[in-house]
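Line by line, the protein sequences give chains S and D. Quick note on this note's numbering: the first sequence kicks off at 1 and runs consecutively. Quick note on this note's numbering: the second sequence kicks off at 1001 and runs consecutively.
Possibly wrong hints are sitting among the right ones.
[Said to hold, decoys possible] Cut-off 27 Å, straight-line C-alpha distance, at most; resulting in silico cross-link-like pairs (DSS-like, lysine-lysine):
hint, chain 1, residue 1, chain 2, residue 2
1, S, K172, S, K199
2, S, K390, D, K1390
3, S, K449, S, K199
4, D, K1269, S, K269
5, D, K1199, D, K1172
6, S, K270, D, K1455
7, D, K1440, S, K455
8, S, K269, D, K1270
9, D, K1440, S, K390
10, D, K1172, D, K1269
11, S, K455, S, K14
12, D, K1014, D, K1251
13, D, K1390, S, K449
14, S, K14, S, K199
15, D, K1390, D, K1014
16, S, K440, D, K1390
17, D, K1270, S, K270
[Said to hold, decoys possible] In silico negatives: residues of chain D with every beta carbon more than 12 Å from chain S:
hint, residue
18, A1052
19, G1176
20, D1233
21, D1289
22, K1301
23, T1323
Source of the hints: derived by calculation from the structure; they are not laboratory data. For each residue, glycine too, the CB sits at the ideal point set by N, CA and C.
Number of protein chains: 2
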Amino acid sequence: MSNTMPWRDRMRVKVDFSNMMAENIGERGIRDIDFSEAFENCSYAVTQTDAARNAMRWRDLHSVQSDVLPEVKRIAERVRRSYDTFVVLGIGGSALGPIAVQQALNHLHYNSLPAETRNGPKFYVEDNIDPQRMSDLLDIIDLRSTAFNVISKSGSTSETMAQLLIIIAALKDAVGDEWASHLIITTDRERGNLIGVAKAHGMDTLYVPDGVGGRFSELCPVGLLPAAVCGIDIEALLDGARYMDELCTGKTAGNPAYTLAVLSLLAIKKGCNISVIMPYSDSLKYFADWYAQLWAESLGKATDRCGNIVHCGQTPVKALGVTDQHSQVQLYTGGPFDKVITFIGVDNHRANVCIPRELTEIPDIAFLCGSTLNALLDSELYATQYAVSKSGHMNLLVCMPEVNAFTVGQLIMLFELQTAYMGELLNIDAFDQPGVEEGKNATYALLGKRGFDDKREELERASASTIRYRV
Amino acid sequence: MSNTMPWRDRMRVKVDFSNMMAENIGERGIRDIDFSEAFENCSYAVTQTDAARNAMRWRDLHSVQSDVLPEVKRIAERVRRSYDTFVVLGIGGSALGPIAVQQALNHLHYNSLPAETRNGPKFYVEDNIDPQRMSDLLDIIDLRSTAFNVISKSGSTSETMAQLLIIIAALKDAVGDEWASHLIITTDRERGNLIGVAKAHGMDTLYVPDGVGGRFSELCPVGLLPAAVCGIDIEALLDGARYMDELCTGKTAGNPAYTLAVLSLLAIKKGCNISVIMPYSDSLKYFADWYAQLWAESLGKATDRCGNIVHCGQTPVKALGVTDQHSQVQLYTGGPFDKVITFIGVDNHRANVCIPRELTEIPDIAFLCGSTLNALLDSELYATQYAVSKSGHMNLLVCMPEVNAFTVGQLIMLFELQTAYMGELLNIDAFDQPGVEEGKNATYALLGKRGFDDKREELERASASTIRYRV
């Protein structure tokens, strides 16, 4: 690629979907004519998503936070200056983005680096309530030098609030009256339980903007503060999102998110109820987890916008290249034609590692000597695409020139927009999650929360489980 | 459960499949009569798997390694005495078992513990060839005090051998002539590339027994050495496998692996091409990865034993409770009826964590105060089972009294036997992986390995990819 091209354009994330097409993989692929027709007919997805822009506040986060960024940076600087360890208390959308971005952009053994070479304080995201996990965390951190970022829009997320109560008591033990200064709250500006607490104790507070749901929140303070604390260039992250948004606004031609959405729709129509995401880079391993929430929770819906029962939604599957070639590729080549595999490839890795000429007495591995891990990884990605395609299974490649804050920002916006378009194409609300209420209410009932007596009775009636179905 | 019961029986892993049944979840479930009929008709799976016992050497590992265990322990003691860090170089079956068992049975922040409270040396499993990963590992370990366990049955696994060449050169730099003493080889006793190297340099060597494929190898030295190095009770692990094997040998009634296999078959017939495994314990998080390889690579097959084209195989999906309630449960309750969810519950976690009475000014969270994380986790598991069942989706529960070496040994054998029975029921070879050859050969061709010229020409012909499918 030409070096005279502007840097942002050289860093453009691209999509190669040749291996989705019948032309390349045979009859199980998509015919060119069907793709062209769908590409034309589905354009309303772009029009309507653009028209609803004001309701989709997540889409503008790259350009509306000029007031917010100085505050994010101020708090980040305070944490970096005053604390050795930074812990996010959050779950779901409050955790997956921060984890993904940290893994993508920092050292893979960040926490094990000595303080002087690390990019910031040690970083943990506690996104579960497993008692061993909390106990084990408290074994290894020093509360006196640890700051906690509590992230919950509503301030009523049971898991996060339970963690918070434990941490408040532990901080009171460890630092006495100073406990509140160790807490940073990210929550709704007005509603919710946390804002009162934060104000009463003068805690640093950041806000989740209206219209930004959990799984679309990585580019608001939910994700920006943890990233900034760990030394990540949050402006470049936002600039990447802006760049991708520009590529996708007001047009279908050259719009990679729209192209992906059309391909997904056609694949679903061909019986693919599974969407595998398989980055070939350890740095993007947890990006797959972030994607899995976005795709599953947005598109897995029982009813469409008209109230028709549809039970739609592809199941996302996380894989990692080349590791999972030794775990999943037998299934991907030999198994059913029920999945699309989205490979993510990286042109330039952050390290180059040569494979030295050792063990030259073994002829079988002579081809490795003098090569690089980079070349081996690239070859395996290409070879796997080839094998999956030859077996007639649909797959596509998202190409990243590098993994940096700008390209990661693009990737976030790319998949968020693909998801929004898919909501239009499936005629569902991609931004709600009614199916999680039942489990939440049942938890409240089991734990005796006031107002859930009826639900508790319902659970008791149902619990007369049948002994003959146990072994 | 009665405390007068023998310990091993109290530690028995059980299965509750009430929520697979129409009786409990409605018409999408399995009718009692269909289950009974299948349970009777499929019994040949047990008979034939038992009859093939001698060919399935993985099944007897709990009882045939009395000669091997002293050598495993001797090497483990040497490592524990002489090294601060222990690194496994391996991929797929050589990595997923060691990772799963370590996560299950040791501290969740094992490597961050101070040496005096840690159960052994720091532990890393390098199961990818990402150049940044290798580079980042070398940043944080001290080669002079690091031992490497190279695990490759054939001694020709490209990824592992590439890593080995890099590590040999690095060790020569760091410790000179002593380099070979830092390497421990786990490989085939006679065939393969590594055995000659190991002998020539007097390296400690352990053997992968014949008839034990990668994904069934955790209970042979592949898994036992890493576990022993990290202070895990490998005899209890093997005893757990023996206990489960006894429950499953020679009978269908009371055989939990057979019960799971019959349920899987019926679920597949009802259109479930997805198998979700969702442990409610961080300690079992990577057990899901181990399971994903076992299930995918064993059952994802293009042809059956008679050569008929079948393209069978469920796609395994890894989830973690409660974390993924905030990511996947919307899909599991609202989405298609295309999956079975296997929850894994734990009766007694290794820690009990109380939720203190703090922030009592917030009425919404009063129900949490005075409870425990344990109760919250249990309630959320039950509530999620309830919500998934109420939405008509099949799910079952594997119940572990505790997560300890004995119960983890049971879990390994339970799923291995379920997989073997499924091979019989689907009439496929559950122990081969022909579908990975294409990708391997293409990699060899791309990297110029001798003897792969034809494949390279084939690849060149195919690579004339079409620019119009890029965006």
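Which of the listed hints are not met by the structure? 2, 6, 7, 10, 11, 14, 21, 22 and 23
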